[in-house]
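2 protein chains.
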Amino acid sequence: MGKNMIDELMRQITEKNAPVVVGLDPMPAFVPEALINRAIEEKGETLEAAAEAVWQFNKAIVDAVFDLIPAVKPQIAMYEQFGVPGVAAFAKTVEYCKEKGLVVIGDVKRGDIGSTSAAYAAGHLGTVTVGGKKLRGFAEDFITVNPYLGTDGVKPFVDVCREENKGIFVLVKTSNPSSGEFQDRLIDGRPLYEIVGEKVNEWGGDCIGACGYSAVGAVVGATWPEQGRVLRKLMPKACILVPGYGAQGGKASDLTDYFNSDGLGAIVNSSRGIIAAYKQEKYAAFGPEHFAEASRQAVIDMLADINSVR
Amino acid sequence: MGKNMIDELMRQITEKNAPVVVGLDPMPAFVPEALINRAIEEKGETLEAAAEAVWQFNKAIVDAVFDLIPAVKPQIAMYEQFGVPGVAAFAKTVEYCKEKGLVVIGDVKRGDIGSTSAAYAAGHLGTVTVGGKKLRGFAEDFITVNPYLGTDGVKPFVDVCREENKGIFVLVKTSNPSSGEFQDRLIDGRPLYEIVGEKVNEWGGDCIGACGYSAVGAVVGATWPEQGRVLRKLMPKACILVPGYGAQGGKASDLTDYFNSDGLGAIVNSSRGIIAAYKQEKYAAFGPEHFAEASRQAVIDMLADINSVR
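From first to last, the protein sequence lines are chains A and B.
The numbering used here numbers the first residue of the first sequence as 96 and each following residue consecutively.
The numbering used here numbers the first residue of the second sequence as 96 and each following residue consecutively.
Hints in this document: simulated from the structure, not taken from any laboratory.
Be aware that a few hints might be false.
Pairs count within a copy or across copies, as identical chains cannot be separated in the list.
Claimed, not checked - Here are the simulated lysine-lysine pairs, DSSO-like style, with alpha carbons at most 27 Å apart:
hint : residue 1 : residue 2
1    : K229      : K374
2    : K229      : K187
3    : K138      : K228
4    : K228      : K98
5    : K154      : K228
Construct all of the structure, not just a fragment, from the sequences and the given hints.
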């Protein structure tokens, strides 16, 4: 069994002074044409070519930014859309990031009835047994989990986290515009996301790391600062994974209350703001051929921005 | 563009007199040892061996039952746990079932913010573009979708359904014991699952097939007959996918009100009750070497049971 990953995440955040995570969500529109064309020349107009372009894109960005950041968050949908070759590129990206010493948060948003959640947990965080061997399907350090099915859909993930010293982030209040449609509905006068937040606190109660934070964290969008403030207090031991900064509209000044007074307790994600930085006017001078250097500069700028508020 | 799949599903249900779906959820404990050992002999103690055993298991069952049933529902977690080779076995199973003329419901329970749901929708129900070609990642006819993120997390799936003549089943009231933890909480005096059910009715309003049912269906567990009755009326045009029959405790007599007065409108899933039938005392005489024949008999018995109540 490896390090306790919530401790490792907090250690790297502190050491690199960087409570940020880079979202490796390689939408086709973000990948420079030259990479796509080269992959198509080699492999034809195939899913394999798309997967190869995605992998080359990720590798260049990771090589350019890994020393600045504690963690990456590949969004599996962006790989899964390219079928089996895409999923293989996801697995390769996870492995490569771990080799570079990064904490890997698989943004998979899985969640099902107990026996099925147990299979997802084994596949993404734990091991499966084949004959006499224990093998790993995928090998993220953390994954995101959807709570709609309740405790018995989440518990199998928590159990594997405890066995493997890994962690999860449970969706509580998501960053998207219509997240309030169900999540904000009042139950006994309190919004559903608070009820879910209380459960997160409970689920994570007996897997608190040496760092003081739990292996069971929460997803709370940067786009909801007032809700973030309430949830921070409801889940004092949860690390909050914060999507929605940048492209989705969340600003650093909105994020002050997502952090605890120790300046820790939150990790802010940026995906397109970093990986597609070369497409922004601000970084256009790098040009598409230097997309990875543009990403590095975007990380440096994001760090300054986020660190100004905590 | 192919047939309208909700029409095709209803056509096959009527023609085969079989409102049932077989859940291809090949948990390792269900796969006969002989199949596992043969795969390990060929491929060693590897993920590839596990995936091969799963594929051989599925193929034998599909060959034994395809003429009796309209649809299968592979649960992707049971494949995903074996990593990339497992996901390849999922893709192969989907393809094979389609070749056999079956409607394939991918039980993937995906759902995310809009742009991410769009990628899942493209990968499972639609196409991705590589160079000048449109390619399919996976190729299910229907998938299951988690609604926790609200309309903008579900809409991309509905849009692709309309373009591709495919369909989804949205989780409304799940079959697991703790489904009520969030789903039953009262909002303005009504449980959350009813609020979600109303949205399902709304999301599916403009993709009603010639059969009278919508491409947007709902998941309602067999374990909640009273809730099923209410939801049937709230979502008159939705086909209800009903898990939880058999092993999870749902009985045929609980299911009467999941069907509309036309005897249609619901499709009842059984997974382990069919694919692991050879492990039940009732079918033990078949022996593990005739597991697929045991599955066929279990389908015949399930059909008689379900058809007795509609």
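Here is how each hint holds up against the structure:
Taking the shortest alpha-carbon separations for K229 and K374, only the inter-copy value of 25 Å comes in at or below 27 Å, while the best intra-copy value is 44 Å. With identical chains, the CA atoms of K229 and K187 are at most 27 Å apart both within one copy (20 Å) and between copies (24 Å). Proximity of K138 and K228 under a CA criterion of 27 Å is satisfied inter-copy only: 13 Å between copies versus 34 Å inside one chain copy. In this assembly of identical chains, the alpha carbons of K228 and K98 lie at most 27 Å apart only when taken from the same copy (22 Å versus 45 Å across copies).
Taking the shortest Cα distances, K154 and K228 sit within 27 Å of each other only across copies (25 Å), while inside one copy they are farther apart (30 Å).
Checked against the numbered hints given earlier, this structure breaks none of them.
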